[in-house]
Structure formats: C-alpha cells, structure tokens
Amino acid sequence: MEFVLVKGGCYKMGDTSGDKYEDETPVHEVCVDDFYIGKYEVTQGQWTKIMECNPSYFKSGDNYPIETVSWTDVKEFINKLNERTGKKYRLPTEAKWEYAARSGGKKEKWAGTNDDTKLCNYAWYNGNSNGETHPVGQKLPNALGLFDMSGNVWEWLEDVYDEDAYTKHSLDNPIYTGGSSNRVIRGGSWNRNPQYARCYSRRFNSTDYRSYNIGFRLEYVWQTEIK
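Just so you know, the sequence shown maps onto residues 1 to 227 in the numbering used here.
If you're looking for bench data, these hints aren't it; they were derived computationally from the structure. A couple of the hints might just be wrong.
Each computed SDA-like pair below joins lysine to any residue, with the alpha-carbon atoms no more than 20 angstroms apart [as the list claims (entries may be wrong)]: (1) Lys-106 to Asn-173; (2) Lys-75 to Asn-213; (3) Lys-75 to Gly-86; (4) Lys-106 to Thr-207; (5) Lys-12 to His-28; (6) Lys-12 to Lys-107; (7) Lys-107 to Lys-118.
Starting from the given sequences, assemble the full structure and let the hints guide the process.
Encoded structure:
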C-alpha cells in the first residue's frame, strides 16, 4: 500500500461552490494535523491477501477497487491488517478526507479540478464509466498525488452521519460520533452523476450495508501519533 503525507492546516469545510445540499453546510473553519492517506482506494488484491476472500461484484482484477463491503467488514479488515503488520491503519475522518480531496483544503469542486469540462480526466462517473468500476489510479490525481478521490467507488469514512454534523464540529481534528448507526460515504462512484463526486458531497449508509459502488481507502497512523 502506498500513502501520501498530507501536511496539516486550516480550511473552510463545506460547500463553497454554491451547489450545496443542506448537509454540506454551514461552511466552517476546521484544522487538521499532518496525516498519511492512501494514494489509491484499497484494491481487491490487497483485501484478498488479508481476508482470503473477494466479495466484489466486479471481479475484474487485483488492481480494481474492493467493493460490496460494509463499514463493519472494513473495520474487520483493518483490525486484521493491524494485527498482521504491527502497524496502525484506520478510516479517515470526514474533515481529513475532504481536506485531502481538495488538495490541502483548496477551493476545489472535484478532486483535482474546478472545470466541468475536465472532470472526465480525473474521475469515473456515470457519464464515462461504461457501467463498471475501473483499476485504481487510471485517471489524473489531484495536486497531492491522490487518485480517485472523486468517482470510481464511494469511500467509507469513520464519522457517524448526521445532517447537522457541521454545526457540532470542533475546530481541531473534528469527528462526529453521535448515536446513529449510519456512517458517512464520500467521493461518488462509477454509477452516480458528477454532483455526487464533488469534494463536498456527503452521503451515508448503515454499517451493515454492502453495495457494488462502495469501497474505501485507509489512513496510516504514524508512530509519533500512536505515542
């Protein structure tokens, strides 16, 4: 697995483009520490090495994103990965994910571009995917070198979903852990329109939900943070 160091900073989290849904507001300042995030979505090959099975609907090759995995399945994978490697991995928070997708908190509508006419160069969505997932890393990365933050498969995140979570965020490294069983997914997918691939877009599903358009990427926890 490859990870990219994202230098921390403060940014305006939420939809600053004017295309907002209610749960993408209010725009609010958030600060995140340095963190490492996966350069790519976790692949079927990587999943199979740890779990010894491949639940994906699109079993097209080891370099395709894992999908048809629930949030609970992902947590089991992470626990086994941590045990096997002696390292610590986890799901990113919403605040870190959006900061990374927006190339370090820039005003970036999609991961890598604000230009509607160039989105097809950065993301797989319903207008160009031919109705299926694609190998990770085939489109252009954003300015941080991260691939498929927009499109291909939705990505499970750590946060509990709440429509009003943004009104409850702390300033530093926020994570919402309210009582709902729903968890946030971000990034859009191969079978959804570009609106859902926006860096600001927030959707959710229950922790036991599986779909052929939902996968994930990992955050790697550096040793100094563990201490």
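Evaluated hints:
For the hint pairing Lys-106 with Asn-173, the CA-to-CA distance comes to about 17 angstroms; that is within 20 angstroms, so the pair holds. Restraint check for Lys-75 and Asn-213: the C-alpha separation of about 18 angstroms stays at or below 20 angstroms, so the hint holds. At most 20 angstroms may separate the alpha-carbon atoms for a hinted pair to count; Lys-75 and Gly-86 meet this at roughly 16 angstroms. For a cut-off of 20 angstroms, the pair hint linking Lys-106 to Thr-207 is broken: about 30 angstroms separates their Cα positions.
Restraint check for Lys-12 and His-28: the C-alpha separation of about 5 angstroms stays at or below 20 angstroms, so the hint holds. The straight-line distance between the Cα atoms of Lys-12 and Lys-107 is roughly 9 angstroms, inside the 20 angstroms bound, and the hint therefore holds. Restraint check: the Cα-Cα separation between Lys-107 and Lys-118 comes to about 16 angstroms, which is no more than 20 angstroms; the hinted pair holds.
In terms of the numbered hints stated before, the structure departs from hint 4 and from no other.
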